[in-house]
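Asker: As you go down the protein sequences, you meet chains A and B in turn. Each residue of the first sequence is one higher than the one before, counting from 1 in the numbering used here. Each residue of the second sequence is one higher than the one before, counting from 1001 in the numbering used here.
For the record, the hints were derived by calculation from the structure and aren't laboratory data. Treat the hints with caution; some may be incorrect.
Chain A regions said to be covered by chain B (calculated; three or more residues, Cβ under 8 angstroms) [to be verified]:
| # | stretch |
| --- | --- |
| 1 | 28 to 41 |
| 2 | 44 to 57 |
| 3 | 66 to 77 |
| 4 | 98 to 111 |
| 5 | 152 to 159 |
Even for Gly, the Cβ is constructed at its ideal location relative to N, Cα and C.
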Amino acid sequence: MLANLKESNMLLNPPKSSYPLFAPPPEGYSIIENYHLARSSDINLGSGVFDMTWNSFLEDPSGLLTGEESSVTAPVGTVFAIARVQTRDSASGSTYTEISMQKNTVEFARQRFHDMFYFSHMISAVVPCSAGDVFKCVSNCNSGGTTNIAGHSRFSVTFYG
Amino acid sequence: MVKAFICKRTTDWQTFDDVHTDCPWEAVDNYGDASAFTYWTSGVSATLPVDPSASHYEFFYYAGQDPAIFTNEDYYIGPNGATKVNNYPIINDPGQIGRGGRSGLLPYISGEIMNLRFRNFGSAHVLFPAERILMGALIDPSPIAVASTGGVSKVSDITFGNPTVTQIPTIDFDPSGVYNGATGEFTTPEGATLCVPSINTSTDPLSTSDIGHYLQKNGVEVARWRHADSLRGPGVGCYGLWPTVPGDTWNFRGYRATSVTADSTHCSMEFY
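Chain B with its partners taken away, still in its complex shape (with noise of 0.2 angstroms):
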């Protein structure tokens, strides 16, 4: 059984510039053997119980900005701010809307505290939509299902346009059957209630338009990657730990201001 955690936000947030700022937890989701722990309580962060069953966890979070601002700011990233031993990247990038990742398999630490720093540079402020920022951790994850263009073979030039296309990458491992190659859905297996996309594409590195990855949660937007003017090419990487059911779909869609070819694409979804 999946042993995991999912803190939320239940109304919106802002970052004001050039302050480092944790994010404020309003409610957390437990799943599985996890509703047997207080994880988060109140405040900033959340702290591994003592549990002597478990051995390793993973650390995961999506921040989306508010889709109708798109300027340029650098924002941080940082699960124990920047000083702990066992801190992650701080994310600095800039012209972006949305940042998702993930920490690595760790070994378990009873009393580890986990939380997001943010700072953002050269505006206001940041808003951030309550559902579109999440902080979770999987405790010795064993996913159901997964699937993935990685390993095999890489999806070579696609061309995505303006505005959006649904990215239909071609699956070359697929053991539990999660997807649809005639509609770019991944749909979740019965016993999941979480999963972790990822994807990634390099593009052409002589084009200058924006670029983005949307995730789709059942044909709506929940999640979105984007990158302006300079910081052309990548994608996301990893959009963090979601909630899911039985039977929603998953999918990617691109973004291009200008139609675009890609060197390469490869996605990956998971079912826990």
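Pulled out of the complex, with its shape left as it was, chain A reads as follows (with noise of 0.2 angstroms):
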């Protein structure tokens, strides 16, 4: 009994001297590709749920980015992946606006703000993934508003593996 509660209390509160549980990779992850995207125009979006588009790419590995592209697509060997949005814009005539960020169109990251004219969206997150998933952002603004997303935005997706 008394091993029993004394391995529940190390499981509850490990001494700092056990970490870390198991050792991380010596050299840690690498960067298989990296995709920074960014919009060099406003885009207004109207009142609701929108996929963010980008017309700018600072880095597209792929290759295949042009246009008004809404997202990027996990290469083979990915892990995990650095996901990371900002974005500068307005809003009139709403009481909120999100952004958010999703993968295979589940969402994974949310950032809201209310009763602001202007915002600077921010959100980061560590997503597991593997080849195949597809990332996006998408911007939300409640009924009655539009969005006005400046050209200063940017999405940026890091996948390591």
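With the hints in hand, could you dock these two chains into one complex?
Answerer: Following this line, the structure appears as structure tokens:
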């Protein structure tokens, strides 16, 4: 019994000397591909939920992004991604705007602002993923409002393996 | 080996009403191979040196106001001001204490200049304590450990109340075992010297009271984000780049003037 209690307590409060629970890769994870998308021009979105689109590609290892693109795809060998989106945007007539990020249309990060005319959203997340997973950003402006996404906005996804 | 630097203040710093000001840095810490370079010497900016081995870098910042001051101010944060090609969104947020962010991974450009610009608005000054204002960069970042609630499931309907409670996220990605689900703590693994904490919470849109997230290191608050009144809802995003040593514990705390239920909470930790 005592042994069990001790073991249970150790699990709940492991001593610092026991960390890490198992060793990370000694050289760390490596970048497989990095995508850095931006807007070179403002874009006006109406009320509702929209996929955000990007028209300036600072880095596109696929070479396939042209025009107005909304997503990037995980390459072979990916274990996880670090995804970040930052927008400079403004809204009118709304009570809130949201920016979120999705993997395969399932939201994994979201940020919402209320009652303001000017916003700068910034979301960052580590996301487990594998080859073929599709990442995109979504803007949500509540009923009656419009959101203007400014040209400074960026969407960066780095795939690690 | 990590290659990074962090510019910091050694004394408190103030911005003044409606004046665009670049934060003047007073010291720099280099990490790993970055010790071979001089990124910052004096003044407001750091410069990426000629480094043929570098391919990418990412820019980070955190700027936290004095916790004792909680007023409705705007302030702007933007590397290289607002006009350079590689600038980033300017922050324009009223009623907050603290803001952090990251640029996303960028192609490495020798000679690139980074600085943080502020403009507070509507009050005489904003005080930034020395330990709560940081700017830095990771070069060719290769994390040795990561953990996240994002990607598989969100933590739904967390209730956090007055004044603060430790948020215990349900981690669904922790390949290096850095998270303790009983305490809500992340522990810096062997070999790590830097970390990047991120958290976001989307709350009930009808809630009206202050909301905040605090970042704690070894049980002591090191960074804080808080929004007042109308700007209710979102979390800080990214707290920027922080120095750490193996065995450090990190956790997030939620603040709410009145108890509230969050739609979703997601957090991530990266160790480099």
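Asker: Taking the numbered hints from earlier one at a time, note which ones the structure violates and give those numbers from smallest to largest.
Answerer: 2 and 3
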